[in-house]
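There are 4 protein chains.
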Amino acid sequence: MNFTSDNAYGAAPEILKAIAEANAGAAVPYGDDEITAALQRRFSKVFERDVAAYPVLTGTAANGLALGTLAPPYGAIFCHEQGHIAVDECGAPEFFSGGARVVSLKGTDGKITPDAIKSVLPLYQRGVHSPKPSVISIAQATEFGTVYRADEIAALAHLANSEGMRLHMDGARFANAVAFLRCTPAEITWKAGVDVLSFGASKNGALCAEAVVFFDKAMARDFEYRRKRSGQLLSKMRFLSAQLLAYLDQDRWLNWARRSNALAQVVGERLSMLPQAHVIVPIEANEVFLALPNEQVRALQRAGVQFYEWERNGERTIGRFVLSYLTPDEDITKLVQLLQS
Amino acid sequence: MNFTSDNAYGAAPEILKAIAEANAGAAVPYGDDEITAALQRRFSKVFERDVAAYPVLTGTAANGLALGTLAPPYGAIFCHEQGHIAVDECGAPEFFSGGARVVSLKGTDGKITPDAIKSVLPLYQRGVHSPKPSVISIAQATEFGTVYRADEIAALAHLANSEGMRLHMDGARFANAVAFLRCTPAEITWKAGVDVLSFGASKNGALCAEAVVFFDKAMARDFEYRRKRSGQLLSKMRFLSAQLLAYLDQDRWLNWARRSNALAQVVGERLSMLPQAHVIVPIEANEVFLALPNEQVRALQRAGVQFYEWERNGERTIGRFVLSYLTPDEDITKLVQLLQS
Amino acid sequence: MNFTSDNAYGAAPEILKAIAEANAGAAVPYGDDEITAALQRRFSKVFERDVAAYPVLTGTAANGLALGTLAPPYGAIFCHEQGHIAVDECGAPEFFSGGARVVSLKGTDGKITPDAIKSVLPLYQRGVHSPKPSVISIAQATEFGTVYRADEIAALAHLANSEGMRLHMDGARFANAVAFLRCTPAEITWKAGVDVLSFGASKNGALCAEAVVFFDKAMARDFEYRRKRSGQLLSKMRFLSAQLLAYLDQDRWLNWARRSNALAQVVGERLSMLPQAHVIVPIEANEVFLALPNEQVRALQRAGVQFYEWERNGERTIGRFVLSYLTPDEDITKLVQLLQS
Amino acid sequence: MNFTSDNAYGAAPEILKAIAEANAGAAVPYGDDEITAALQRRFSKVFERDVAAYPVLTGTAANGLALGTLAPPYGAIFCHEQGHIAVDECGAPEFFSGGARVVSLKGTDGKITPDAIKSVLPLYQRGVHSPKPSVISIAQATEFGTVYRADEIAALAHLANSEGMRLHMDGARFANAVAFLRCTPAEITWKAGVDVLSFGASKNGALCAEAVVFFDKAMARDFEYRRKRSGQLLSKMRFLSAQLLAYLDQDRWLNWARRSNALAQVVGERLSMLPQAHVIVPIEANEVFLALPNEQVRALQRAGVQFYEWERNGERTIGRFVLSYLTPDEDITKLVQLLQS
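Residue numbers (the numbering used here), protein chains in the order written: chain W, 1 to 341; chain Y, 1 to 341; chain B, 1 to 341; chain Z, 1 to 341.
Think of the hints as simulated: they come from the structure by calculation, not from any bench. Note that CB positions come from ideal geometry on N, CA and C, so glycine has one too. Some hints here could point you the wrong way.
What the hints assert, rightly or not - Not close to chain B: a few residues of chain Z, all C-beta gaps over 12 Å, as computed:
# : residue
1 : Arg41
2 : Asp216
3 : Arg316
Stated by the list, open to error - Okay, the calculated bits of chain W under chain Z, using three or more residues with CB under 8 Å as the criterion:
# : segment
4 : 66 to 75
5 : 128 to 141
6 : 224 to 230
Unchecked claim - Computed list of lysine-lysine pairs in PhoX-like fashion (alpha-carbon distance at most 25 Å, straight line):
#  : chain 1 : residue 1 : chain 2 : residue 2
7  : Y       : Lys17     : Z       : Lys17
8  : B       : Lys217    : B       : Lys191
9  : W       : Lys118    : Y       : Lys106
10 : Z       : Lys118    : Z       : Lys106
11 : Z       : Lys191    : Z       : Lys118
12 : W       : Lys217    : W       : Lys45
13 : B       : Lys45     : B       : Lys217
14 : Y       : Lys17     : Y       : Lys45
15 : W       : Lys17     : W       : Lys45
16 : Z       : Lys106    : B       : Lys118
17 : B       : Lys106    : Z       : Lys118
18 : Z       : Lys191    : Z       : Lys217
19 : Y       : Lys106    : Y       : Lys118
20 : B       : Lys17     : B       : Lys45
21 : Z       : Lys45     : Z       : Lys191
22 : W       : Lys118    : W       : Lys106
23 : B       : Lys191    : B       : Lys45
24 : W       : Lys106    : Y       : Lys106
25 : Z       : Lys106    : B       : Lys106
26 : W       : Lys17     : B       : Lys17
27 : Y       : Lys118    : W       : Lys106
28 : Y       : Lys118    : Y       : Lys191
Please build the complete structure, drawing on both the sequences and the hints.
The following block contains the structure:
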């Protein structure tokens with residue numbers, strides 16, 4: 001029963017099949033192939049707008065390249081203190097931007113609010129003396145599996161706009177957010193004011209594939225130079241584009257996310273019935289955060305339940321349980337049986 | 001009555017005299033001159049230890065170069081959220097380090113504590129996933145004119161040491177701190193565990209002169225390459241070294257700091273007698289932070305009192321009054337008279 | 001008949017099979033899986049030494065990360081003026097190193113010599129005034145498909161050593177070089193003085209897989225932080241390691257390189273029989289560089305022969321023909337027939 | 001007899017006087033003072049155009065900041081292989097630009113030509129694969145004391161323009177060039193197509209003062225953020241501006257340069273009469289490059305003549321003799337007497 005990470009399980013068979021099919025014959029390398037062109041069109045259709053979408057290899061690279069394009073070296077980027085860009089990418093925002101400041105903010109359930117930003121903004125509005133406010137970056141779904149509503153996003157976009165900043169969305173779990181909200185991809189991105197999206201696929205069935213999506217093509221300016229320079233322009237690009245195309249095809253991405261979201265509901269419900277256990281953030285996407293007595297943690301582990309110990313506070317531990325579309329049914333069944341016994 | 005900044009007033013006559021005297025004849029450029037060699041010896045004497053001291057031109061450069069030497073590009077630097085390196089140097093730590101993370105912490109009276117650092121440290125101890133904890137940086141005196149006691153510094157050094165970090169001290173107002181504590185320079189630096197000091201002179205009578213002081217020469221490794229590369233190696237270095245030598249000579253630096261500290265006591269005492277006014281942080285160095293009703297602020301300004309409006313909260317304003325050794329006596333007298341009337 | 005690039009053709013079936021097999025069940029993400037551990041052991045066996053090998057996603061990243069680890073920001077890197085790191089990676093060495101200088105040198109057949117480096121070295125030995133000589137970087141095989149002999153490498157290593165530099169080898173076509181020289185991998189790397197190797201697989205049958213191989217593990221110091229920070233630490237690392245393991249298995253890498261080398265000999269031989277055509281650099285690996293009258297170029301293109309126009313000089317063009325292990329036999333047959341007609 | 005460097009001698013008395021006069025009373029720090037405003041107007045008058053001029057502290061910083069503003073991190077900068085930015089600033093262009101490529105070119109008498117650039121340009125015009133040609137940077141006067149004529153500059157500007165690049169001029173010895181050409185400052189800068197000038201004063205009588213002059217203010221965009229971030233925004237800016245104002249006042253800068261140019265003519269003439277000695281580049285500004293038998297070098301040194309040994313080739317040495325406006329008359333007299341004896 002492995003609930004440690006979205007990345008514990010591998011790739012969906014449909015993705016591997018698409019890779020194998022893309023392997024026929026020769027193709028122009030470095031992205032001038034037909035599959036990549038088709039992907040571009042597909043993304044525009046998915047987002048109901050003519051977008052510029054660039055495939056890259058990892059989520060850290062997607063975020064780094066997006067932020068490096070939006071923020072100048074002397075810029076400031078506002079995000080949640082536990083966001084992936086804040087503490088799980090080893091300073092990629094600084095690396096790709098050439099030294100922009102990442103400003104970490106507290107916020108309930110992994111979300112930041114306009115008020116949280118406004119509370120520190122004066123510190124970064126001292127003319128040339130402070131790093132220049134440049135980007136607000138939010139994760140959708142968040143690191144805690146919660147989901148921003150369209151109006152929450154719009155409020156952040158409004159602040160960004162009025163202060164000369166851009167709004168970036170880390171969509172490593174974007175499919176889970178769309179699936180949860182039952183909205184269109186457009187409604188929680190450009191229609192709500194998002195400028196650039198890191199569109200994730202690796203955590204939801206792809207082998208390794210993400211895309212940086214610019215809703216205003218003019219903002220993509222020099223993106224391709226930055227992608228090449230950072231070693232993210234795949235020579236055999238068709239293999240990257242083919243994964244994303246298969247992922248978007250037949251609404252697979254949303255169907256897969258629906259499954260992992262649903263599994264999270266089941267797992268969360270059952271786990272929270274454990275004595276003294278309680279779910280500490282609302283379960284909206286594919287993650288369950290549960291506070292447990294330490295002895296319960298050890299009991300689960302002895303029974304073969306694998307999960308990430310997020311934080312330990314004295315007698316209690318917060319465990320993170322992540323569900324994947326590829327989590328086998330039998331793992332869920334076994335967990336349920338275990339908890340009933 | 002100008003109390004806006006340490007930098008509002010110019011250079012001490014003794015400093016200008018030293019520059020003029022250094023101007024005789026030819027000298028080897030770029031720091032291989034005799035004045036610079038003498039300065040090196042003087043710094044070692046002042047600190048009771050064989051130190052490596054490098055003159056640079058501004059405080060931002062001193063801090064940036066010190067931090068860039070101590071922190072790798074993938075490192076994390078912990079400091080107070082209102083520290084100069086945090087919000088007054090436009091991202092210099094990121095620039096000089098090649099992209100290290102600056103982590104801002106809250107703390108009473110402008111100081112940070114081991115506990116404040118420990119509360120966020122787990123976020124930065126996730127192996128290669130998070131920026132690596134590398135430096136603790138404190139200002140002595142702080143941005144608010146408060147002064148770390150030797151044991152407070154030692155506690156931070158202990159934490160730094162046990163977690164594989166270095167301790168940097170931003171000493172833009174170092175003279176004021178030493179003067180306030182009536183200690184030796186060594187006691188609040190290397191004897192308390194400080195690894196590198198940005199030794200300031202510009203805010204206390206120099207024209208433009210700071211020095212980066214390494215207490216362990218081995219840590220200075222590649223400092224000289226970094227200084228050259230950033231345009232901080234002065235060709236006519238003797239003019240920089242001469243300022244610092246004159247500054248250290250005859251205890252001028254401490255005498256000057258004693259004067260500005262004393263003026264701050266006088267000004268603070270008088271200002272706090274204003275109706276509804278109160279000093280919001282202890283006055284230890286040469287700064288007074290005072291909360292005032294807005295109408296009082298306007299009245300002072302109308303009367304010709306210049307100061308910096310640090311923060312406005314509704315009906316009240318926090319004013320910052322900075323005293324310099326060069327603040328004329330008559331300004332103090334005028335202020336006192338004004339407040340008595 | 002596509003001879004444009006090593007990357008025109010896709011992935012070997014054996015590689016895709018390895019990926020599919022790696023897909024079973026759950027695994028620890030980010031490189032702590034068993035396949036990656038097995039790869040580590042395999043690399044040590046291949047190189048007859050306990051090495052530290054880190055899988056990454058592209059050749060540009062492998063070179064950038066290797067150079068960024070070896071060269072300080074103030075360092076200088078010496079390479080051939082037409083090397084991949086010089087003009088095909090959009091400044092990746094500067095990006096990954098935080099601003100080291102790339103010094104381009106002329107050299108026959110794509111190779112650099114100790115003398116070429118010595119001729120410019122004094123410009124970079126002015127103490128802190130010039131970038132500090134830090135790395136010699138050579139490509140094996142070179143951009144022109146020529147191959148350094150072991151003694152040529154040793155001579156460069158000797159110079160590197162005596163001047164405090166490191167020797168890096170860009171082995172995007174390393175298999176072709178080993179196949180051509182009929183030597184062991186060790187003989188042209190650490191035994192000849194190479195410190196770090198970018199070990200390529202993508203150009204020779206992999207989907208996307210390279211590795212950075214440190215022969216002295218101590219030099220790898222902070223490599224893992226740099227890899228993570230640049231978005232090159234794959235979450236589902238097993239898919240990357242599986243490719244490399246399959247590539248090394250059963251000497252596939254060398255067999256595949258032998259085939260593409262042999263095809264280059266055939267193609268070179270036949271093309272050079274064209275009127276006024278001549279091969280301009282020795283054909284040693286899998287590339288043919290041929291000077292042709294422009295009308296011949298057009299005739300070939302009309303007949304469906306695709307290749308890269310490397311350089312045009314008036315009436316003549318230098319064409320580059322690259323052979324892949326995956327170049328179909330029928331393409332060769334068709335080309336031979338075409339040239340005979 | 002010290003002819004080692006422009007920086008061997010100190011500051012002109014007029015400059016020190018200006019500093020002393022600027023020291024009266026309080027002033028707004030960080031460049032919002034009246035002297036800095038006056039300097040802005042003066043620069044516009046000197047250049048017959050409304051320019052944006054930013055004082056900085058060293059020549060390396062002036063060049064680095066200018067290039068960092070003009071070149072993106074993925075850009076390429078073309079310059080002479082012995083230019084100051086190439087080999088005397090320890091990689092400052094890379095540092096300030098965040099990793100642009102410096103491309104070194106050969107060229108007679110320290111100058112580069114459009115043809116030299118065109119010969120390598122194709123290597124940097126491979127779309128996203130190569131660093132993007134962004135800046136041509138020339139020194140006026142050059143590192144060898146030669147001077148570009150207006151039409152030579154215009155030809156480089158034409159090339160820059162037609163290839164989407166900017167033209168930067170390193171004017172560390174700009175006064176010497178204007179004095180030699182007897183032209184207006186405008187004629188060899190913006191009228192000839194220069195976009196940005198590093199205007200030097202330190203080598204010609206200032207204590208430490210340079211300025212970056214943008215002829216198109218729009219190009220200065222984010223310069224002030226970059227200056228602050230690199231520790232080049234002086235708190236007591238009036239002292240920097242006062243030097244430059246005094247330098248420009250009463251045509252001092254040109255008069256001083258006329259003197260050092262004239263001294264170079266005298267020294268060059270006399271030295272070249274030494275047996276087997278010959279001047280190797282035309283003496284146009286304040287430098288003399290002389291090839292001498294090694295025994296002559298030793299004889300001069302024994303007689304107390306100090307100069308820089310630029311290069312040694314077997315039996316002969318190239319010596320560099322630099323004249324300053326501050327070189328004492330008696331040194332010249334002594335040298336002349338020595339050579340006559």
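Structure-based check of all given hints:
In this structure Arg41 (chain Z) is separated from chain B by more than 12 Å, as the shortest Cβ-Cβ distance comes to about 36 Å. In this structure Asp216 (chain Z) is separated from chain B by more than 12 Å, as the shortest Cβ-Cβ distance comes to about 26 Å. For Arg316 (chain Z), the condition that its CB be more than 12 Å from all CB atoms of chain B holds, with the nearest at approximately 15 Å. Check result for the segment 66 to 75 of chain W against chain Z: holds, 3 residues qualifying (beta carbon to beta carbon below 8 Å, three or more required).
Residues of the segment 128 to 141 of chain W with a Cβ under 8 Å from some Cβ of chain Z number 3, which satisfies the need for three, so the listed coverage holds. Under the rule that three or more residues need a Cβ within less than 8 Å of chain Z, the assignment of the segment 224 to 230 of chain W holds, with 6 such residues. This hinted pair checks out: Lys17 (chain Y) and Lys17 (chain Z) have alpha carbons roughly 11 Å apart, not beyond 25 Å. Between Lys217 (chain B) and Lys191 (chain B) the alpha-carbon distance is near 15 Å, which keeps this suggested pair within the 25 Å criterion.
A distance of roughly 16 Å separates the Cα atoms of Lys118 (chain W) and Lys106 (chain Y); the hinted pair therefore holds under the 25 Å criterion. Among the hinted pairs, Lys118 (chain Z) with Lys106 (chain Z) is consistent with the structure: their alpha-carbon atoms are about 12 Å apart, no more than 25 Å. Distance hint between Lys191 (chain Z) and Lys118 (chain Z) is fulfilled; the C-alpha atoms sit about 23 Å from each other, no more than 25 Å. Only pairs whose Cα atoms come within 25 Å are accepted, and Lys217 (chain W) paired with Lys45 (chain W) is accepted, the gap being roughly 15 Å.
A C-alpha spacing of about 15 Å is found between Lys45 (chain B) and Lys217 (chain B), which places the hinted pair at or below 25 Å, so the restraint holds. Among the hinted pairs, Lys17 (chain Y) with Lys45 (chain Y) is consistent with the structure: their alpha-carbon atoms are about 23 Å apart, no more than 25 Å. Taken as a hint, the Lys17 (chain W) and Lys45 (chain W) pair is honoured in the structure, with Cα atoms around 23 Å apart against an allowance of 25 Å. Distance check on the hinted pair: Lys106 (chain Z) and Lys118 (chain B) sit about 16 Å apart at the alpha-carbon level, within 25 Å; holds.
Of the supplied pair hints, the one linking Lys106 (chain B) and Lys118 (chain Z) holds, its CA atoms being roughly 16 Å apart against a limit of 25 Å. Restraint check for Lys191 (chain Z) and Lys217 (chain Z): satisfied, since their Cα atoms lie roughly 15 Å apart, inside the 25 Å limit. Note on Lys106 (chain Y) and Lys118 (chain Y): the hinted pairing holds, with a Cα-Cα distance of about 12 Å set against a maximum of 25 Å. Proposed proximity of Lys17 (chain B) and Lys45 (chain B) is supported: the alpha carbons are some 23 Å apart, at most 25 Å.
For the hint linking Lys45 (chain Z) to Lys191 (chain Z), the alpha-carbon distance of about 15 Å falls within 25 Å, and the restraint holds. For the proposed pair Lys118 (chain W) and Lys106 (chain W), the alpha carbon gap of about 12 Å is at most 25 Å, so the pair holds. Straight-line distance between C-alpha atoms of Lys191 (chain B) and Lys45 (chain B) comes to about 15 Å, which keeps the hinted pair within the 25 Å bound. Pair hint Lys106 (chain W) plus Lys106 (chain Y) holds up; C-alpha atoms about 12 Å apart against a cutoff of 25 Å.
With a CA separation close to 12 Å, the supplied pair Lys106 (chain Z) and Lys106 (chain B) stays within the 25 Å bound. Taking the CA atoms of Lys17 (chain W) and Lys17 (chain B), the gap is about 11 Å. The hint holds against a cut of 25 Å. For the hint linking Lys118 (chain Y) to Lys106 (chain W), the alpha-carbon distance of about 16 Å falls within 25 Å, and the restraint holds. Restraint check for Lys118 (chain Y) and Lys191 (chain Y): the C-alpha separation of about 23 Å stays at or below 25 Å, so the hint holds.
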